[in-house]
Structure formats: C-alpha cells, structure tokens
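J.: Sequence:
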Amino acid sequence: MARIRTIKPEFWEDEKIALLPMSCRLFYIGTWNISDDNGVFRGNPIILKSKIFPYDENLRSSEISKWLDALVEARMLIPISYENESYYKIRTFQSHQKFDARYPNYLIDNEILESLIKENENTTGTQRDHNENTTGTQHGNGNGRGSNAHTCAPPPSQKNDFEVRKNSFMNDCAAWVDVYSKDMIRAFFDYWTEPNKSKSKMKFELERTWLLERRLRTWENNDLKFNNNGRGNNKKRGCSDEELAEATRQGISRAQYNATNNED
0 MARIRTIKPE
10 FWEDEKIALL
20 PMSCRLFYIG
30 TWNISDDNGV
40 FRGNPIILKS
50 KIFPYDENLR
60 SSEISKWLDA
70 LVEARMLIPI
80 SYENESYYKI
90 RTFQSHQKFD
100 ARYPNYLIDN
110 EILESLIKEN
120 ENTTGTQRDH
130 NENTTGTQHG
140 NGNGRGSNAH
150 TCAPPPSQKN
160 DFEVRKNSFM
170 NDCAAWVDVY
180 SKDMIRAFFD
190 YWTEPNKSKS
200 KMKFELERTW
210 LLERRLRTWE
220 NNDLKFNNNG
230 RGNNKKRGCS
240 DEELAEATRQ
250 GISRAQYNAT
260 NNED
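Start counting the sequence shown at 0; every next residue gets the next number (numbering that gives the first Met the number 0).
Read the hints as simulated data drawn from the structure, not as lab findings. Note that the Cβ used here is the ideal one computed from N, Cα and C, for glycine as well. Among the hints, a few may not be true.
With a cut-off of at most 25 Å between alpha-carbon atoms, the simulated BS3-like pairs for lysine-lysine come out as follows [said to hold, decoys possible]:
1) Lys-15 to Lys-165
2) Lys-117 to Lys-200
3) Lys-165 to Lys-196
4) Lys-165 to Lys-48
5) Lys-202 to Lys-48
6) Lys-181 to Lys-165
7) Lys-165 to Lys-50
8) Lys-200 to Lys-165
9) Lys-7 to Lys-97
10) Lys-181 to Lys-196
11) Lys-97 to Lys-15
12) Lys-117 to Lys-198
13) Lys-198 to Lys-165
14) Lys-200 to Lys-48
15) Lys-7 to Lys-50
16) Lys-202 to Lys-165
17) Lys-15 to Lys-117
18) Lys-97 to Lys-50
19) Lys-48 to Lys-15
Label-pair distances were calculated between CB atoms; the ranges are [stated by the list, open to error]:
20) Asp-182 to Trp-11: 47 to 53 Å
21) Pro-53 to Glu-118: 29 to 35 Å
22) Asn-166 to Lys-97: 25 to 31 Å
23) Glu-9 to Glu-193: 41 to 47 Å
Start from the sequences, fold in the hints, and give me the full structure.
T.: Right, here's the structure in full:
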C-alpha cells in the first residue's frame, strides 16, 4: 500500500542526486511512496513502472532497470535477493521519514533484512577491494594476479537481478510479436542480451540511448535491406546479426550499404 512521504528542502541541493538524470530522480522519489517502513520495495521493473508511471505508455521497463542500476551505483539503493525475488532498500530512508507505529508495514522481517544487507555489504566490499587491486590487462607476476587471473563472478543477488532485467527485456520484446515475426524478435533479443565480461550488464544496457520501438523498426528495415538485397546474379550474402546490429546502431541507409557491398 502506497504511503505519504516527506521531501526535505535539502534534497534538491544534494550534489550526488544532481548527477542523476532528472527522470531517474523523479523515479527515486516515486520509490519512497511504494516502500515499506524500512525503505524496502520489490524490484520488478514492470511492477515499478505500473505503480510510479502508470500512464507513460512509451516508457519501457528496461529504462526502469537502468535507473535502478544508476541508483545502486550512486549508493542510494541496496539490491537484495530474498526468496528468489529482487528487492531494493533505500539507504537513508528511515533517517528522513516518519512512521505511524500503529500500522507497521514491512515486506521482509527486520532480522532477515539486516542479515541480507550485511551480506550485500560484505560482498560489495570484497568485490570493490578486488577491483582496486586488479587491473584487466596486468601481466602475471606469480601472485595470482594479472592476465591469468579469472574475472570474479557476480554475487548471487547480482545474478538474480541480471535475470530479472533480462526477463523484463524479454517481456518488452514479446509485446511486439504481433508487429514483427517471432524469428526476428528472437534474433533481436539474443543479440542485445549478450552479457559483458563481468556478466553484470547486457549489450543493450551499454548503449547511450535506447528506445525499443525505434530499435525494432530499424532492425526490421535493415533485415529487409540486407538479407533480401540484390538483383539476379548480383545478390549478396545475408548479413550476420553483428553486422545488422551495427547498421542499426549507425542508421546506415540502403544506398550506403549497396554502394559498400558492391565495391568488390
């Protein structure tokens, strides 16, 4: 159940908050209303979108996921995994809000929550220490570091959060199955959900801008151009998903592609 929450005047002058995009700041305030009295809320991007931005039809849950990541990176939210579900805790929530003791409201028992937070802090601290002491391209020196040192796997809570975001993106893509073919949606999904080396982000999350509707439309246009391109004996090979995605990213025109493709 949503609650009335307080915004203090100094919130608007906080330099750390000012570094976040304006839409992310508004989302952050929205999470206060849907949090329990410990500042905990469920982390499903689809549910968060429906509760905080119910009338913004063009807003995709993948954008919500980006905001959550940004708030975690800014150390405003703590990611928690509990009973195979994703949750977040607002770090400074209880020091800024007032609560009615007559109507307690908690999603996770206090003792369990404390242990989950401690577990997250320990994991995050260990990961941070590792990142500070190891670089990605060091040469081996016999101490277990360097080019032969393996990349640390993300903590369990991070893995669960990754899967939540991937499932959310899958649902976003599936919503367009009446517009585009299932094969095209699958190829698009498989390409853009490829994880980075640390397996913390997917390829689409690394893009500077992302509008799913436009990406799908461009992907289809390029698919038609490249894989059905040519006349008679001059017909060229179909392009790979990598080439198709690169063209989608650059917005390459058919004329440009044909000119390049026929140089040889």
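J.: Hint check: Lys-165 vs Lys-48, CA-CA at most 25 Å. Holds or violated?
T.: holds (16 Å)
J.: With a cut-off of 25 Å on the C-alpha distance, tell me whether Lys-202 and Lys-165 pass.
T.: Holds, at roughly 11 Å.
J.: Can you confirm whether the C-alpha distance between Lys-117 and Lys-198 stays at or below 25 Å?
T.: holds (23 Å)
J.: Are the Cα positions of Lys-97 and Lys-15 separated by 25 Å at most?
T.: holds (23 Å)
J.: Kindly confirm whether 47 to 53 Å is satisfied by the beta carbon distance between Asp-182 and Trp-11.
T.: holds (49 Å)
J.: Hinted pair, alpha-carbon criterion (25 Å max): Lys-117, Lys-200. Please report holds or violated.
T.: This hinted pair holds, its Cα atoms lying about 24 Å apart.
J.: For Lys-165 and Lys-196, compute the direct alpha-carbon distance and say whether it is at most 25 Å.
T.: holds (16 Å)
J.: Is the straight-line distance between the alpha-carbon of Lys-181 and that of Lys-196 25 Å or less?
T.: violated (28 Å)
J.: Between the beta carbons of Pro-53 and Glu-118, is the distance compatible with 29 to 35 Å?
T.: Once the Cβ atoms are compared, 34 Å apart, the range 29 to 35 Å for Glu-118 and Pro-53 holds.
J.: Below or equal to 25 Å on CA atoms is what counts here, so check Lys-181 against Lys-165.
T.: At roughly 17 Å apart (the allowed maximum being 25 Å), Lys-165 and Lys-181 satisfy the hint.
J.: Can you confirm whether the C-alpha distance between Lys-48 and Lys-15 stays at or below 25 Å?
T.: holds (24 Å)
J.: Is 41 to 47 Å a correct range for the gap between the Cβ atoms of Glu-9 and Glu-193?
T.: holds (42 Å)
Hint compliance for this structure: hints 1, 10, 22 are not met, and every other hint is.
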